[in-house]
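S.K.: Listed below, chain by chain, are the residues.
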Amino acid sequence: MAEMNAKLDRRRFVRNGIRAAGAIGLGGTAGLLALGKGQAKEYVWQLDPDKCVACGNCQTHCVLDISAVKAVQCFLMCGYCDVCTGYYTTEHFKLDTAAEHQLCPTGAIARKFIEEQAGVRYFEYTIDEPLCIGCGKCVEGCALMNGSLYLQVRHDLCLNCNECAIAVSCPAEAFRRVPADKPQLLKKQAQELTDAQSQGPAEERTQHG
Amino acid sequence: MIQPVGIGRLIVVVRSANKRLSPGTNKTSVRGANNNYGDYEPLLGILLPLILLVVAADVALPANPIPLPEFTEYQVPRTPVPEANPAWREYLDLAALAVGLSLASYLALRRRSRRGLFLLTIASLAWLGFWRQGCTCPIGAIQNVTLAVCDPGYAVPAATVAFFVLPLVFALFFGRTFCAAVCPLGAVQELVALRPVRLPGWLEHTLGLLAYVYLGLAVVYAATGTAFVICRYDPFVAFFRLGGDLNMLILGGCFLVAGIFIGRPYCRFLCPYGVLLRWASKVSKWHVRIPPDECIKCRLCEDVCPYGAIRQPTVVQDAGQRAEGRRRLAALIVLLPVLVAGGAWLGSGLSVPLAKLHPTVRLAEQMRLEETGRAEGSTDASDAFRATGRPLGDLYRDAIKLQTGRFVAAGRWLGGWVGLVIALKLIHLCLRRRRDDYQPDRGTCVSCGRCFWYCPNQQALNNGGVKI
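Going down the list, the sequences are from chains A and B. Count along the first sequence from 1, then add 956; that gives the number in the numbering used here. Count along the second sequence from 1, then add 295; that gives the number in the numbering used here.
It is worth saying that the hints were derived from the structure and are not from the lab. Treat the hints loosely; a few may be bogus.
[As the list claims (entries may be wrong)] As a list, the in silico EDC-like pairs of lysine to aspartate or glutamate whose alpha-carbon atoms are at most 16 Å apart:
1) A:Lys1068 to A:Asp1084
2) A:Lys1068 to B:Glu368
3) B:Lys592 to B:Asp731
4) A:Lys1007 to A:Glu1129
5) A:Lys1138 to A:Asp1112
6) B:Lys696 to B:Glu660
7) A:Lys1007 to B:Asp731
8) A:Lys1007 to A:Glu1096
9) A:Lys1007 to B:Asp675
10) A:Lys1138 to A:Glu998
11) A:Lys1068 to A:Asp1052
12) A:Lys1144 to A:Asp1006
13) A:Lys1138 to B:Glu378
14) B:Lys580 to A:Asp965
15) B:Lys577 to B:Asp736
Quantities reported herein were computed from a predicted structural model and do not represent experimental measurements.
Just chain A, with the same shape it has in the complex:
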């Protein structure tokens, strides 16, 4: 019986030892990872529009019914063209807002007349995001001109899956994790223009014409 007790005690001792080691190991790893790197912030998925090839996978591979990826207009890059290659199809082309002449399958781009200068008419193109399905057709079309339309993951919709299904299928490897406090990845040029605008001189220009 004494032998039996000794055996049980030894077993309990070993178990306690392993448990303590496990707890310390877990705590240590957690502490090192969460705090040791001094960067305990959240990451979210974003796509780099400079790498994007507008293949259409964003529309079809997102786990949401309607993709969290939306087309985004950088107005500072836009030429406000009358003949917008992001808005009109190039087959059966007519300068007519009828659905069959529009590239966008859901009619998510609003075309608004702004003004006419020296016989040139300028139009503003705005994305109606709830309608946008992220197919990238307008992005592909706009890339023929200024490329002011580009795709972005919208983080009010994105579920932030641990492994983004679009990232897995992206042929251009354009998806990556970015810090959640800077969740947008603008086109390099759009970024420069936006920076310039917020610094002053460009803002003046847009205000006074």
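Given the coordinates of chain A, work out where chain B should sit on it, guided by the hints.
M.R.: Relative to chain A, chain B alone:
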């Protein structure tokens, strides 16, 4: 010869041509009220290819070919950026996890209430499964933690680390209460385990090894920055989201159908996190007990456990059997390093098939097939690669470097791990523990509570009646 003229000017030409053409030259009537426009298909037919040619020909073209017009009144709007998901949501989930774990441990160990555990299971399924749609989960967090350890450039969020650590800490003290009623993947299988059959021991033990192999694979792929395979092949997340990849829906459906007859097939035979919890639970301070006091050896608990986790009382062996067992154990301990080394040697040969999942290697393979004419046409990926203008040699070099470097090491680790697991399993099978009554196996038991719910002594206690 096309001159690389400023494309901005060209567009102005298009615009003014458009203006000139607009009232007249109507070949066909224009549908719609907006009759200001004419049909100028032919013009575009000529100009568009021209424009494209200029774009293609002139590499040094300024990036913005059409300048922003100078408007008189209109102000150029800023691109709207929607508000992101608030960060507190992550911490709310974490709090829910902590509350769920505490509640599950309390219900399983203190209250011994199967009904309470069952209700908690449904609540967890609703919250972590259907509302939060299966992300973040501690199972997938294995990969985030691995990647953070192996890749200094990746900083894992504190909430994810907490998600990974918390259930393990609870398992160290209370057993697998996370599996019992908190994990949404376990919950969905718990609910379908209606007609469980008992698997033969050899099958149970052999299939159980799969989880270790899956854990090894998941760690290897996360460490090499290839993919998060646990998330990619999560069988139930498509159900939580009520939609997803068809193959994954079919796989999940198969698991659920199998789960009617084989209790929790994913948890027992595949779940990589279950492996960690199993080992934490083996040394847990407290664990679910079947009878409230004394076992009457009625075997009801063994009968009702759908997960084959109840161990029978042992029979006393004679001296010859004991000596035989000791000899076998000694042989297996000698065999252990041989199995590990053999596994590592075999595993290093797996580097090429293992590397196939890496996007760079896959792209290089596709490019090679296309370049040598063995694949017809091109894929989006190869087109995208050609558009970057990166030399093909670079890509091949990267792919070969992965195959002969990182993945050889990864294969060696994986092989060694599998060898170790097999050796330890064999050793474990010939170790004998004396048991006088029916007990749950601390590693296998998920603390679902069926055993004590069925225990006649517990029933008697609950009803305030006489003990049998």
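S.K.: Hint by hint, note whether the structure agrees.
M.R.: Going down the list of hints, with the structure as the test:
At roughly 13 Å between alpha-carbon atoms, Lys1068 (chain A) and Asp1084 (chain A) fall within 16 Å of each other, so this suggested pair holds. Restraint check for Lys1068 (chain A) and Glu368 (chain B): satisfied, since their Cα atoms lie roughly 15 Å apart, inside the 16 Å limit. A hinted pair counts as satisfied when its Cα atoms are at most 16 Å apart, and Lys592 (chain B) with Asp731 (chain B) qualifies at roughly 10 Å. At most 16 Å may separate the alpha-carbon atoms for a hinted pair to count; Lys1007 (chain A) and Glu1129 (chain A) meet this at roughly 8 Å.
The suggested pairing of Lys1138 (chain A) with Asp1112 (chain A) holds, with an alpha-carbon distance near 14 Å, which does not exceed 16 Å. Under the criterion of a C-alpha separation no larger than 16 Å, the hint pairing Lys696 (chain B) with Glu660 (chain B) is consistent with the structure, at around 14 Å. For the given pair, Lys1007 (chain A) sits about 67 Å from Asp731 (chain B) by alpha-carbon distance, which is inconsistent with the 16 Å threshold. For the hint pairing Lys1007 (chain A) with Glu1096 (chain A), the CA-to-CA distance comes to about 12 Å; that is within 16 Å, so the pair holds.
About 13 Å separates the Cα atoms of Lys1007 (chain A) and Asp675 (chain B), which keeps this hinted pair within 16 Å; it holds. Proposed proximity of Lys1138 (chain A) and Glu998 (chain A) is supported: the alpha carbons are some 10 Å apart, at most 16 Å. For the given pair, Lys1068 (chain A) sits about 13 Å from Asp1052 (chain A) by alpha-carbon distance, which is consistent with the 16 Å threshold. Restraint check: the Cα-Cα separation between Lys1144 (chain A) and Asp1006 (chain A) comes to about 7 Å, which is no more than 16 Å; the hinted pair holds.
For a cut-off of 16 Å, the pair hint linking Lys1138 (chain A) to Glu378 (chain B) stands: about 12 Å separates their Cα positions. Taking the CA atoms of Lys580 (chain B) and Asp965 (chain A), the gap is near 14 Å; set against the 16 Å cutoff, the hint holds. For the suggested pair Lys577 (chain B) and Asp736 (chain B), the alpha carbons sit about 8 Å apart, so the restraint of at most 16 Å is met.
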